[in-house]
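Novice: Using the sequences plus the hints, can you model the full thing?
Residue-level listing of the chains:
Number of protein chains: 2
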Amino acid sequence: MKIQKWMDEHEQKLIDQLQEMVREPSVQLNEWGIQQKIAEWLEDLDFSVDMWEPSGTELFSHKAFMSKRENFKGSPNVVGVKKGAGRGKSIVLNGHVDVVPEGDLTDWREDPYAGMIKEGKLYGRGSTDMKGGNAAMLFALQAIDALDIQLKGDVIFHSVIEEESGGAGTLAAILKGYTADAALIPEPSNMKIFPKQQGSMWFRLNVKGKSAHGGTSYEGVNAITKTKQVLEVLEELENTRNARVTDPLFAQAPIPLPINVGVIEGGSWPSSVPDLVKIEGRVGISPEETVEEVQAEFHEAIHSLEETDPWFKSHPVEVEWFGARWLPGAINVDHPFMKILTKQYERVMGEQPPVEAAPWGTDGGILTAVGKTPSVVFGPGVTKMAHQANEYIKLVDVRRCAEVIAATLVNWCNEEENG
Amino acid sequence: MKIQKWMDEHEQKLIDQLQEMVREPSVQLNEWGIQQKIAEWLEDLDFSVDMWEPSGTELFSHKAFMSKRENFKGSPNVVGVKKGAGRGKSIVLNGHVDVVPEGDLTDWREDPYAGMIKEGKLYGRGSTDMKGGNAAMLFALQAIDALDIQLKGDVIFHSVIEEESGGAGTLAAILKGYTADAALIPEPSNMKIFPKQQGSMWFRLNVKGKSAHGGTSYEGVNAITKTKQVLEVLEELENTRNARVTDPLFAQAPIPLPINVGVIEGGSWPSSVPDLVKIEGRVGISPEETVEEVQAEFHEAIHSLEETDPWFKSHPVEVEWFGARWLPGAINVDHPFMKILTKQYERVMGEQPPVEAAPWGTDGGILTAVGKTPSVVFGPGVTKMAHQANEYIKLVDVRRCAEVIAATLVNWCNEEENG
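Those protein sequence lines, which keep their order, are chains A and B. Taking the numbering used here, I'd label the letters of the first sequence as residues 12 to 430. Taking the numbering used here, I'd label the letters of the second sequence as residues 12 to 430.
A couple of the hints might just be wrong.
The list cannot tell twin chains apart, which means a pair is met if one copy fits it or any two copies do.
Cross-link-like lysine to aspartate or glutamate pairs, in silico, DMTMM-like; alpha carbons within 20 Å at most [to be verified]:
1) 289 to 331
2) 395 to 57
3) 219 to 276
4) 221 to 246
5) 239 to 320
6) 221 to 276
7) 94 to 51
8) 219 to 118
9) 221 to 115
10) 239 to 276
11) 239 to 249
Keep in mind that the hints were calculated from the coordinates and are not lab data. What you are looking at is a predicted structure, and each value in this text was computed from that prediction instead of being measured.
Specialist: The structure is reproduced here in structure tokens:
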């Protein structure tokens with residue numbers, strides 16, 4: 012109750028800090044400004060702050076490493092650690108500061124980095140994904156500090172880069188030993204609790220044809236026409252894979268593990284038969300399967316075309332895994348951290364939380380797989396706002412999320428170890 | 012026989028001139044050099060030469076005008092006229108000097124403009140399309156001149172720009188009055204006689220979807236998936252249109268009037284559901300139908316999607332006609348010019364000529380429709396060499412074609428008018 016009271020009295024501080032965060036245009040390569048601010052805020056709370064540009068062979072050669080960058084100069088990670096009094100459970104609070112590019116500016120009604128507030132919503136690139144969540148975590152820690160609440164367990168605050176490009180920031184933090192008994196990641200779950208996170212990875216398919224003049228199209232093989240068959244195989248594969256999903260956490264999703272074709276490109280002249288079409292997409296990975304298993308099943312589906320179609324037999328579709336990958340993650344729904352989070356949610360929100368599987372991957376996948384830190388996603392904001400023009404977040408959700416996080420920290424970090 | 016003898020004795024001149032033509036990299040905007048050469052060669056034959064940069068409202072506002080250019084500065088047309096002795100049939104010899112860009116240079120084994128000769132083939136951009144034909148026409152005129160053969164009818168030599176982009180050069184020549192009783196166009200027909208030329212025009216279709224995150228793909232509508240339906244409608248339309256073609260001139264073509272989808276492009280992020288796919292292609296036009304009729308049938312097919320699919324009903328596919336258009340053309344197979352050309356072919360080649368419909372459009376469409384000049388395509392080189400890397404032409408075909416053209420000129424231009 013005193014947390015609620017303090018938060019009510021200091022709500023403007025939360026809003027101001029979120030606005031400051033959004034006003035930092037922290038697209039890739041431009042994260043320094045916001046990281047400096049977060050480092051200062053954490054220092055104000057007596058956190059021991061580590062700010063560094065990730066580097067080194069261990070990171071770059073790690074099997075979970077995924078980034079197109081050759082170094083992270085100018086893009087520091089920040090981790091703040093506040094040691095507990097002892098014998099309590101530790102927690103990682105993980106949020107990324109990188110935002111996706113603002114896209115076509117003419118689609119925005121306001122400057123994407125103005126942080127305009129209107130009718131209870133704060134607008135701007137990154138407001139939902141995921142500065143709203145970051146502001147909620149910070150505000151929770153500020154309330155605990157202001158109210159002089161002592162925690163037994165350590166609090167480790169990850170303010171990371173590169174989530175949008177494969178999680179190299181969180182991986183770098185893990186490799187420095189910044190792990191804990193559990194992790195909370197306030198990505199935009201629309202205040203749902205996601206104990207399970209779907210992973211995903213990107214594929215590229217090169218579908219071949221044979222060029223010819225369009226007036227004698229029958230002398231060629233149209234790669235666009237052949238791509239239709241490839242799309243059908245991907246649809247069948249999506250059906251097969253999803254028919255196997257029985258976990259009730261996925262019950263809300265019509266397609267729990269989508270295969271999405273996001274990009275298509277082929278040909279250069281309307282009057283020519285195109286000899287190559289490139290398609291790119293993402294395939295969802297369930298926490299019950301490995302990256303390798305998904306890839307093997309995917310390859311098998313694509314290569315099945317070669318059994319029935321002589322063209323594909325002599326011109327197999329090329330499969331490439333490229334760009335980004337987010338590992339899946341899961342925490343047992345009966346895990347003590349889930350119980351505490353759920354209970355505190357009920358107390359603050361006055362209702363039972365929706366508990367579902369996340370339709371997308373987060374750095375929780377790497378935290379689970381590499382950092383051995385069971386991770387839960389719970390945050391303000393809705394998925395469909397992320398990456399859109401005129402992105403916004405409802406301030407009331409940020410405020411409520413902060414209160415749930417503060418209450419969860421107090422209860423979790425004061426759980427006795429081995430008790 | 013004396014033409015054959017003279018050509019045998021002067022064959023090196025033909026080769027040298029073709030090589031000179033290929034060494035002029037006459038891509039769009041770079042036609043000045045070759046046109047200057049052709050003007051000089053025609054002047055050497057006592058042609059009255061008109062070299063001008065096409066311009067003016069009549070041209071630019073003509074309904075058959077098709078070009079992306081706003082002016083033709085630096086890109087002159089050349090027309091040479093040699094008046095006959097009188098009362099003979101006149102002829103247009105039409106060839107374009109523009110070549111398509113050389114494309115990826117790494118695909119070429121030699122400099123595309125070197126004009127290398129190897130094993131009876133001359134290599135280079137434009138060798139087949141259509142400098143081989145142009146060289147054959149010029150050589151035919153040189154033989155007639157050298158042998159002091161008098162023609163009764165006028166010979167009008169069109170050396171035009173812009174054939175590859177819609178025929179504005181030939182249109183400009185027609186508007187200046189350079190028309191005749193018949194026209195010969197030595198585009199690469201592989202020495203077949205094409206009394207009928209398929210026209211074609213370019214379409215662009217915008218297929219709409221609804222964007223969403225790929226992890227919740229079911230919240231969106233994938234424009235790539237919707238495009239599959241559009242491609243199927245185009246296939247059906249192609250079947251319907253071709254089932255109507257009964258002209259035996261098209262008997263050699265498995266698909267007389269192809270609809271070719273040449274370009275596809277959509278989406279920008281593998282993890283997003285794409286909301287727009289653009290496809291571009293060409294649709295063949297038979298000489299028996301008008302541009303407007305083909306467009307109407309095409310629109311009807313695309314809009315039929317709206318009757319069965321609610322998505323298309325609320326988000327109709329946008330149809331655009333853009334870029335290039337080649338009008339169809341035809342000359343009656345019993346036309347006196349056809350009879351003479353066929354007979355001279357038989358005499359020179361010792362066999363009956365294949366007579367077919369052209370699978371592509373040429374400037375013969377504009378010559379027929381606007382210039383009221385019945386046009387025949389007959390030239391050396393094969394379609395599949397055109398627009399390719401390592402384009403080449405067989406010199407023996409250029410030489411034979413020149414002889415057929417010379418013999419045809421002698422016989423056609425000495426036919427009495429009205430007789």
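Novice: Are the hints correct? Go through all of them and say.
Specialist: Here is how each hint holds up against the structure:
Taking identical chains as interchangeable, the C-alpha atoms of residue 289 and residue 331 lie at most 20 Å apart only when both belong to the same chain, with a minimum of 11 Å there against 24 Å between chains. For the homomeric pair residue 395 and residue 57, neither the shortest alpha-carbon distance inside one copy (36 Å) nor that between copies (75 Å) is at most 20 Å. When the C-alpha separation of residue 219 and residue 276 is checked against a cutoff of 20 Å, the pair qualifies both within a copy, at 12 Å, and between copies, at 16 Å. In this homomeric assembly, residue 221 and residue 246 come within 20 Å of each other (Cα to Cα) only across copies, at 18 Å, whereas the closest approach inside a single copy is 25 Å.
Taking CA atoms no more than 20 Å apart as the test, residue 239 paired with residue 320 passes in both settings, with 13 Å inside one copy and 19 Å between copies. For a Cα distance limit of 20 Å, the shortest separation of residue 221 from residue 276 qualifies both inside one copy, at 16 Å, and across copies, at 18 Å. In this homomeric assembly, residue 94 and residue 51 come within 20 Å of each other (Cα to Cα) only inside a single copy, at 18 Å, whereas the closest approach across copies is 91 Å. In this assembly of identical chains, residue 219 and residue 118 lie within 20 Å of each other by CA distance solely across copies; the values are 17 Å between and 36 Å within a copy.
Taking CA atoms no more than 20 Å apart as the test, residue 221 paired with residue 115 passes between copies only; the shortest distance there is 17 Å, against 36 Å inside one copy. Taking the shortest alpha-carbon separations for residue 239 and residue 276, both the intra-copy value of 13 Å and the inter-copy value of 14 Å come in at or below 20 Å. Proximity of residue 239 to residue 249 under the C-alpha cut-off of 20 Å is found in both arrangements, the shortest distances being 15 Å within a copy and 17 Å between copies.
Of the numbered hints given earlier, the model fails hint 2 alone.
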